[in-house]
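Participant: Please take these sequences and the hints and turn them into a complete structure.
Here our numbering is used: the first residue of the sequence shown is 382, the next is one more, and so on.
Hints are computed from structural coordinates only; laboratory data are not their basis.
Keep in mind that the hints are not guaranteed to be accurate.
Said to hold, decoys possible - Listed next, with one range per pair, are the computed distances between beta-carbon atoms:
1. 623 with 540: 42 to 48 Å
2. 540 with 590: 17 to 23 Å
3. 435 with 666: 22 to 28 Å
4. 478 with 386: 29 to 35 Å
5. 595 with 478: 20 to 26 Å
6. 435 with 541: 27 to 33 Å
7. 462 with 435: 25 to 31 Å
Glycine is no exception: its CB is placed at the ideal position from the N, C-alpha and C atoms.
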Amino acid sequence: MAAEPAYCGRFAPSPTGPLHLGSLLAALASWLHARTAGGRWLVRIEDLDPPREVAGAAEDQLAALEAFGLVPDGPVLRQSRRQAVYEAALARLIKAGHAYACACSRSELAVSCGRHPPRCVAAPDAIATRATALRVRVGDARIGFEDGLQGWFEQDLAAEVGDFVVRRIEGWAAYQLAVVVDDAAQGITHVVRGADLLDSTPRQILLQRLLGLPTPAYLHLPLLVDAEGRKLSKSEGAAALDRNDPLPVLARAWQLLGQDPARMPRRGRPGDWLDAALAAFDQARLPRCAAIGIAGPQPPERAM
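Facilitator: This is the structure:
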């Protein structure tokens, strides 16, 4: 019997602004899981959405991670440099009949199919004359998986999502495809990320199956929200973190992860703090809920 691959985790921010508390929470949790398993931890910059990117944000995020002691175990992968790899995966999907060109405008999709279009509704001549996206056929796929924190999650892709985009009209590979291709290329065995991506996971598992790629284990952390329930990255709470005084910020993230603050040092270097965190980390204390406020974890509840 083949040996199980060594643990490899990752943190994959989008360069849309500075590292904020919500993103540090995901980075710290994924780092802790990797390190407590004796595994590797990588960083990937998901820069495939140029209109949303902020100039210099990627470099600033990497500098912030380093200031908090979170240094990856290998080169940083940047998705914007991997378009040829994604095109090869798209070609495989097309050749196998799993993907097709779609020339639907947003208005056509809204009128004909509602929020989740099950198929392309553009007239045949539109395919020849308009710019096209590529969509994956979901068929009657119903995909479920056991999340490491949120429990069993299942999705009827035809009813809840429909045929989804894997290459945008602008020519860029879509997130769902790029993340699947890159997780496989980097040897990622465990994905620890925010619960806002929980309902993307069945689409990613479908793509993994269609492309013959391994499926990592998933753990979706509660989403960090402000007092009005908004995702932190979309609120005024998403201010840049003070990297000149890292321990109080790390301590806050630690407490939001449900961990015992009494076991952690209040002084010292980030590396020493992280060493103590490894010794004290208890996955059973992670909040089992869909969201936590920035003031602290809410009482446990099952998501979805």
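Participant: Regarding residue 462 and residue 435, is the given constraint of 25 to 31 Å on their beta-carbon distance met?
Facilitator: With a Cβ separation near 18 Å, residue 462 and residue 435 fall outside 25 to 31 Å, so the hint is violated.
Participant: Confirm or reject the claim that residue 540 and residue 590 have a C-beta distance inside 17 to 23 Å.
Facilitator: 19 Å, holds
Participant: Would you say the C-beta atoms of residue 435 and residue 541 sit inside 27 to 33 Å of each other?
Facilitator: 32 Å, holds
Participant: Could you say whether the range 20 to 26 Å given as a hint is met by the Cβ separation of residue 595 and residue 478?
Facilitator: Taking Cβ atoms as reference, residue 595 and residue 478 lie about 23 Å apart, which means the hint holds.
Participant: Does the hinted range 42 to 48 Å hold for residue 623 and residue 540 at CB?
Facilitator: 46 Å, holds
Participant: So the hint says 22 to 28 Å: do the beta-carbon atoms of residue 435 and residue 666 match that?
Facilitator: 34 Å, violated
Participant: So the hint says 29 to 35 Å: do the beta-carbon atoms of residue 478 and residue 386 match that?
Facilitator: 30 Å, holds
The structure shown violates the earlier hints numbered 3, 7.
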